[in-house]
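Asks: Chain by chain, the residues run as shown.
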Amino acid sequence: DAGVTQSPTHLIKTRGQQVTLRCSPISGHKSVSWYQQVLGQGPQFIFQYYEKEERGRGNFPDRFSARQFPNYSSELNVNALLLGDSALYLCASSLVPSLLTDTQYFGPGTRLTVL
Amino acid sequence: SQQGEEDPQALSIQEGENATMNCSYKTSINNLQWYRQNSGRGLVHLILIRSNEREKHSGRLRVTLDTSKKSSSLLITASRAADTASYFCATDGRAAGNKLTFGGGTRVLVKP
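Line by line, the protein sequences give chains A and B.
All letters in the first sequence, in the order written, are residues 3 to 117 by the working numbering.
All letters in the second sequence, in the order written, are residues 12 to 123 by the working numbering.
No lab work stands behind these hints, which were simulated from the structure alone.
For every residue, glycine included, the Cβ atom is placed at its ideal position computed from N, Cα and C.
Some hints could be false.
Here are the in silico distance ranges between beta carbons for each label pair [stated by the list, open to error]:
{"hint": "1", "chain 1": "A", "residue 1": "E56", "chain 2": "B", "residue 2": "R61", "range": "25 to 31 Å"}
{"hint": "2", "chain 1": "A", "residue 1": "T105", "chain 2": "B", "residue 2": "A21", "range": "44 to 50 Å"}
{"hint": "3", "chain 1": "A", "residue 1": "N79", "chain 2": "B", "residue 2": "T75", "range": "36 to 42 Å"}
{"hint": "4", "chain 1": "B", "residue 1": "E66", "chain 2": "A", "residue 2": "F62", "range": "34 to 40 Å"}
{"hint": "5", "chain 1": "B", "residue 1": "H68", "chain 2": "A", "residue 2": "A82", "range": "46 to 52 Å"}
{"hint": "6", "chain 1": "A", "residue 1": "A4", "chain 2": "B", "residue 2": "T88", "range": "46 to 52 Å"}
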């Protein structure tokens, strides 16, 4: 079975631009979470979606938004990019039907560089 | 803010030696998990220990959890060069809004 896939793998943008990152969960997984990992730090939780509804949100500004589609894939959008948005963006899927987390399966990430 | 803090931040050992790293956290948890990350790529789940468990084994991995001290340890026995990676603990719990909260990680280098 395919694991979690993310696209693109790398992305370079300039300040003020907008970016969309994509994630496809493991088949059968209905929960998708997004994390931001700045170089040298641990991942920071951004969003969790389950059954197309937002179930959790981390401490990120409104420039960050996401959605989940009927096939459970997900997009993360970031508007008005800042230099500080440069990071590895990780998507994780799980079977979890509730807010309580369980084993999450991570994709390889999208490396975003903002110039 | 990060709930878990790993110690040490970096560790260098010879192949065949054991590697031990610790994680401390601040508030009550439901579960504590350990993940491995190779060279800035995706995280790989290693082991999950629930708050009512004290010890868990998986292959060469041994995890302990002391909820009274709010700490956990990960032991990798007979380390291999392939174990070179960053290791993160992650917790969830009501205080964290039931989301997964990661520590800053321990960078482990296993020298052949």
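Asks: Does each hint fit the structure? Answer for all of them.
Replies: So, going through the hints one by one against the coordinates:
| no. | hint | in the structure |
| --- | --- | --- |
| 1 | E56/A <-> R61/B: 25 to 31 Å | holds (26 Å) |
| 2 | T105/A <-> A21/B: 44 to 50 Å | violated (27 Å) |
| 3 | N79/A <-> T75/B: 36 to 42 Å | holds (41 Å) |
| 4 | E66/B <-> F62/A: 34 to 40 Å | holds (36 Å) |
| 5 | H68/B <-> A82/A: 46 to 52 Å | holds (48 Å) |
| 6 | A4/A <-> T88/B: 46 to 52 Å | violated (32 Å) |
In terms of the numbered hints stated before, the structure departs from hints 2 and 6, listed from lowest to highest.
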